[in-house]
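J.: Mind docking chain B on chain A? Use the hints.
There are 2 protein chains.
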Amino acid sequence: MKSKNFFMQEAIKEAEKAKEKDEVPVGCVIVKNDKIISRAHNLTIRTNDPTAHAEILAIKKAAKKTNNYRLTNCDMYVTIEPCPMCAGALIWARIDRVFYGACDKKAGACGSVINITNNNKFNHTIKIESGILQKRCSKLIKNFFKEKRK
Amino acid sequence: MKSKNFFMQEAIKEAEKAKEKDEVPVGCVIVKNDKIISRAHNLTIRTNDPTAHAEILAIKKAAKKTNNYRLTNCDMYVTIEPCPMCAGALIWARIDRVFYGACDKKAGACGSVINITNNNKFNHTIKIESGILQKRCSKLIKNFFKEKRK
Numbered sequence: 122m123k124s125k126n127f128f129m130q131e132a133i134k135e136a137e138k139a140k141e142k143d144e145v146p147v148g149c150v151i152v153k154n155d156k157i158i159s160r161a162h163n164l165t166i167r168t169n170d171p172t173a174h175a176e177i178l179a180i181k182k183a184a185k186k187t188n189n190y191r192l193t194n195c196d197m198y199v200t201i202e203p204c205p206m207c208a209g210a211l212i213w214a215r216i217d218r219v220f221y222g223a224c225d226k227k228a229g230a231c232g233s234v235i236n237i238t239n240n241n242k243f244n245h246t247i248k249i250e251s252g253i254l255q256k257r258c259s260k261l262i263k264n265f266f267k268e269k270r271k
Numbered sequence: 122m123k124s125k126n127f128f129m130q131e132a133i134k135e136a137e138k139a140k141e142k143d144e145v146p147v148g149c150v151i152v153k154n155d156k157i158i159s160r161a162h163n164l165t166i167r168t169n170d171p172t173a174h175a176e177i178l179a180i181k182k183a184a185k186k187t188n189n190y191r192l193t194n195c196d197m198y199v200t201i202e203p204c205p206m207c208a209g210a211l212i213w214a215r216i217d218r219v220f221y222g223a224c225d226k227k228a229g230a231c232g233s234v235i236n237i238t239n240n241n242k243f244n245h246t247i248k249i250e251s252g253i254l255q256k257r258c259s260k261l262i263k264n265f266f267k268e269k270r271k
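These protein sequence lines are chains A and B, in that order.
271 is the number that our numbering gives the last residue of the first sequence; the numbers go up by one with no jumps.
271 is the number that our numbering gives the last residue of the second sequence; the numbers go up by one with no jumps.
Here chain A stands alone, though its shape is the one from the complex:
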């Protein structure tokens, strides 16, 4: 079994690809049976698409690949806490668990601002674990915006 840190490292590689493209550095991977079945990074600016967050792109790829729009028994590793849009998509996709690096105090929907992923009013809840390689995930995004402000 590969470690949580291993998969988060892969998510960070994706975030770094976003950074190279001058996109907000968020990356993720979707894991099934200890294998990465899909990976993506944020591409909102380049694709001119407000929905092109890493998580949405990875979900779409994984659904195509598994030929199933329900990603049962799949986990997501993502560098930053998912926003309401992505958390909602993760519920529709029936993702099992989400492991994220850094909290998003402005838009986090797994507990930081609101809690969509663990709300019994919805027909699916997602197990959440935060803080995986947190410092690296957080630094990536903080440095990006620091550079931007210069």
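Do not take every clue at face value.
Treat identical chains as interchangeable: a pair holds within one or across any two.
What the hints assert, rightly or not - Derived BS3-like pairs: lysine-lysine, alpha-carbon spacing no greater than 27 Å straight-line:
{"no.": "1", "residue 1": "K226", "residue 2": "K186"}
{"no.": "2", "residue 1": "K256", "residue 2": "K242"}
{"no.": "3", "residue 1": "K248", "residue 2": "K226"}
{"no.": "4", "residue 1": "K242", "residue 2": "K260"}
{"no.": "5", "residue 1": "K156", "residue 2": "K269"}
{"no.": "6", "residue 1": "K185", "residue 2": "K271"}
{"no.": "7", "residue 1": "K186", "residue 2": "K142"}
{"no.": "8", "residue 1": "K186", "residue 2": "K267"}
{"no.": "9", "residue 1": "K185", "residue 2": "K138"}
{"no.": "10", "residue 1": "K185", "residue 2": "K269"}
These are computed hints drawn from the structure, not numbers from a lab.
For clarity, every value in this text was computed on a predicted model and none was experimentally measured.
T.: Relative to chain A, chain B alone:
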């Protein structure tokens, strides 16, 4: 100026297209300066994509068309209350107003289950008006599931 009912009628036409394809009948249009700039219907099953809700598809099309991932001064008319994923996408797209037909007691994120569109913790709020051609919008979806259960 065209009426709200006019635009909702167009959203209903989209929902009917979804129904013909055996997809959950939800449809929407995005309106700017009294003109429809994008229209879409739910396509989750056919495209094998849990994110292919009418609202997400319409946002993507409108962003491509206006060459701007922010849909400022745009309104959405949608037959059913947006879910968390779509409500989140509408915030990222900076949509001005959402007019919807019927409430969604199971997944509505504009007040029915949770309220994402009017939450001051997020950096954008959306004006909501519900009940436009409500009976027709509601009947479309209720009849669809009634047929399914047979």
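J.: I'd like to know which numbered hints this structure contradicts. Please list them from smallest to largest.
T.: The structure breaks hints 1, 5, 6 and 8; every other hint is satisfied.
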